[in-house]
Amino acid sequence: MVGQILAVVIFVAMFVLIVIDKIERHYVTLGCGLLTLLLVFGLCMHSTPAIVETLNIQSIFTADFWYAAGTSEEVSSGINWETIIFVAGMMIMVEGMARVGFFRWLCMRIAKLVHYRTIPIFITFMVVSAVLAMFIDSITVILFLAAVTVELSQLLKFNPVPMILAEVFCANLGGSATMCGDPPNIIIGTSLGFSFFDFITNTGLIAGIALIAVVIYFYFAFHSELSGGIAGKGADIASLPDPKEAIKDRKGFVISCVIFVCAVVLLVTHSVTGLTVSSIGLFIAAVTVLTAPRHIREIVGKVDYKTLLFFVGLFIVVGGLEQTGILQIVADFIGRISGGNAMLMAAIIIWFSAFASAFVDNIPFAATMIPIIKSLAAVEGASLATLSWALSMGTDIGGSATPIGASANVVGTAVAAKAGYPIGWGRYCKKVVPATLLVLIIATVCIFVRYF
Amino acid sequence: MAKQLIISVSREFGSGGHEIAEILAKRFDIPIYDSNLLEEIANSKNLDADTMEKYDEKPKNVLLSRRVRGYSNSLSEVLAQMQFDYIRELANKGESFVIVGRCAETVLKNHEALVSIFVLADMESKIARVSKHNEISRSEAEAMIIMQNKKRKMYHNRYCEGKWGDSRNYDVCINSAGLGVERTANVLESYIKERVLLREE
Chain C
1 MVGQILAVVI
11 FVAMFVLIVI
21 DKIERHYVTL
31 GCGLLTLLLV
41 FGLCMHSTPA
51 IVETLNIQSI
61 FTADFWYAAG
71 TSEEVSSGIN
81 WETIIFVAGM
91 MIMVEGMARV
101 GFFRWLCMRI
111 AKLVHYRTIP
121 IFITFMVVSA
131 VLAMFIDSIT
141 VILFLAAVTV
151 ELSQLLKFNP
161 VPMILAEVFC
171 ANLGGSATMC
181 GDPPNIIIGT
191 SLGFSFFDFI
201 TNTGLIAGIA
211 LIAVVIYFYF
221 AFHSELSGGI
231 AGKGADIASL
241 PDPKEAIKDR
251 KGFVISCVIF
261 VCAVVLLVTH
271 SVTGLTVSSI
281 GLFIAAVTVL
291 TAPRHIREIV
301 GKVDYKTLLF
311 FVGLFIVVGG
321 LEQTGILQIV
331 ADFIGRISGG
341 NAMLMAAIII
351 WFSAFASAFV
361 DNIPFAATMI
371 PIIKSLAAVE
381 GASLATLSWA
391 LSMGTDIGGS
401 ATPIGASANV
411 VGTAVAAKAG
421 YPIGWGRYCK
431 KVVPATLLVL
441 IIATVCIFVR
451 YF
Chain P
1 MAKQLIISVS
11 REFGSGGHEI
21 AEILAKRFDI
31 PIYDSNLLEE
41 IANSKNLDAD
51 TMEKYDEKPK
61 NVLLSRRVRG
71 YSNSLSEVLA
81 QMQFDYIREL
91 ANKGESFVIV
101 GRCAETVLKN
111 HEALVSIFVL
121 ADMESKIARV
131 SKHNEISRSE
141 AEAMIIMQNK
151 KRKMYHNRYC
161 EGKWGDSRNY
171 DVCINSAGLG
181 VERTANVLES
191 YIKERVLLRE
201 E
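Chains as they are written, first to last, in our numbering: chain C, 1 to 452; chain P, 1 to 201.
Treat each hint with caution, since some may be false.
[Unchecked claim] Derived pair list, reagent style DSS-like, types lysine-lysine, alpha-carbon separation capped at 27 angstroms:
1) LYS153(P) to LYS22(C)
2) LYS153(P) to LYS109(P)
3) LYS26(P) to LYS22(C)
4) LYS109(P) to LYS430(C)
[As the list claims (entries may be wrong)] Over 12 angstroms on every C-beta distance to chain C, these chain P residues come out as not near it, computed from the model:
5) ASN73
6) GLY162
7) GLY178
Just so you know, these hints were derived from the structure itself, not from any lab. These figures come from a predicted structure and were not determined experimentally. Note that beta-carbon positions come from the ideal geometry of N, C-alpha and C, so glycine has one too.
Bound conformation, chain P alone:
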């Protein structure tokens, strides 16, 4: 039986990180969890996935929620914790998977099967990608990138000690603008294979 492999992919908005995660999942033939993680949780707990999706990877609104004796009524915080627990559960069951975002590099820190990746890109490359993908103007794309990355940073830094995108928190940080999505995935695939080999030695 193949050894367990967990790949966490954190990414800047517009860097192609999600696409890279999909390629890696395909090449290693393992499932990928992103926003579909909510569906998994909703199905396993008989909950409404649509309601949950509204609060996915959203930073906590400090004015509209409070914490009392460790109980927070911030829906985004409760949802985040639910996802973290589910990710841990999957990992502890010995499953192999690719997980996009959701602070997985911190949630599964020290897990021997984890390879953590952060994908970034130059602003110009992100703008080109986002404006093409969403069919919006350059300025709109830039505003969207800044806003989305700010949200991701706030979400991550709320739950993790290490800062979002800080190279010390990841095994690999890679700029996808240099090689493009496909070749960046190739480099990452080689790295992951080496890590797997090392574990088997």
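Chain C extracted, bound-state conformation:
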């Protein structure tokens, strides 16, 4: 009982400290993780096996961690090293791509292809945002897209805010489509043994339908604001920057493109090849650094190690809740209020996850919910896959609703504000909340129709 109370207190303190943002969030989760190990597992439970299971280091030394022949299985609880290694690998690849100017080139190339006309840029950037976010973290996608959007807005004289809002939303939507698109999906996939193919044929399908609806919605929501640009009305297109200027290292650019294509192919086929996402992450990282030996320090130095440490601490704190049975209590509660009705359970998970993710970081939320849906599936007999898709769509899409819900929103609004276009909560929510509700309704209907 004391252990349970302590685990909850540490978990709540972690959330509060993350929100207050006085201490960097990786220190918060690592500190809270250490307290969980010492106080919950050590002092209250006197359980060395709980500590070993939560640290989960032994999993790295098993063959299944690197190569899973046949169907993937659910991994044990505790630190999800597969997620951490994969995220680190992808970060290295993305840094390699950013170094050679890939993202800026892509954005400029697309703008040139549509002859720098504002509405076509608006629509193509939404689609590009969604497609890139399927494979690359949404923070990087938005960092580059929003920066290019601001640059183009100054040259073409349009307000970049509508475009940035739409790009942010589509990045979150694209992230929901694949296993590697958004951190909650990586954690769900690696923890519950789903493949890239499982995601793309389930959440990917929902995201695809939703993307069409969202592009239409944003077009009608913003087209009047965006029709005022000078492009296509006598603007001197020749004076606009040439996409080729964005490429900083021609050879490196080609290599980066090849590595990116390899990463996509390996991810799409990983359920067939048996390679786990940790192997893919490690391989991609190794190839990136080995093909750019002179830039190893620069590429590795830019890796966001704070996020990786944040994951480590977070998994330990959630492990504390799991080992003390708190998450089981929450699962039992959801089971009771849904009366064992799987349809209602899925609806609760998608809408509750969406609401929570709109206000709190969706990564710790998803990590906390995974043991809950696992338990719901085991006790109440609901389909684990269906609950997982509901959790994925809820956390990924719900995060779009407010400026603080997901990392892409924070970065997008920060880039806009830095360029002198502050986006307050009112301006943000007025246009994005309806889009969020629209996608959540589409997702709920798709889940109901397809799985029940």
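Position chain P against the provided structure of chain C, taking the given hints into account.
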């Protein structure tokens, strides 16, 4: 050509610090930057000064903003950073000016032309000043002083390691209640002149 001079004036609400800063700017014949700094930034970057003013010297709302990989979407934080960058830019260009608030004593710390001042006052003197200036009751003035100073403290301490009003962060801390605004300005003027002379030696 006269040597560069930068005077940063931090102040308690109701202490007359702003008025003292204006007097010093006049006596040294240099421009003064306070909330007008926003206009300068807005003009130089073609932005809307009114929207920016809403977030000027406001502490960050922790519940309504977040930071990701060093990017904060707190509008008051972004605006604060914009002002800090602009102050640094002015200083690096060799301009002389008086700057009121905006954490200038920390932003320009170690700049050889900087003289940093903190103006405080007794509560009674602040109440008298604020109630007269705003034509409000004594209790209203007291509440206003407490609230404004709390905001200034939170704003300052958010961005600076040293605490707001801590004498170790400033060259001079002075209580304006003792001498009144004009004479406090006289004392500060003499001090600044001595500092300028010392630099010229």
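Here's how the hints hold up against the structure:
1. The suggested pairing of LYS153(P) with LYS22(C) holds, with an alpha-carbon distance near 15 angstroms, which does not exceed 27 angstroms.
2. For the proposed pair LYS153(P) and LYS109(P), the alpha carbon gap of about 18 angstroms is at most 27 angstroms, so the pair holds.
3. The suggested pairing of LYS26(P) with LYS22(C) is violated, with an alpha-carbon distance near 40 angstroms, which exceeds 27 angstroms.
4. For the hint linking LYS109(P) to LYS430(C), the alpha-carbon distance of about 42 angstroms lies beyond 27 angstroms, and the restraint is violated.
5. Against chain C, the non-interface label of ASN73(P) is violated: not every CB pair exceeds 12 angstroms, the least being about 4 angstroms.
6. Against chain C, the non-interface label of GLY162(P) holds: every CB pair exceeds 12 angstroms, the least being about 16 angstroms.
7. At the 12 angstroms boundary, the C-beta of GLY178(P) stays outside the reach of chain C, the nearest C-beta of that chain being 36 angstroms off.
When each numbered hint is compared with the structure, violations occur for hints 3, 4 and 5.
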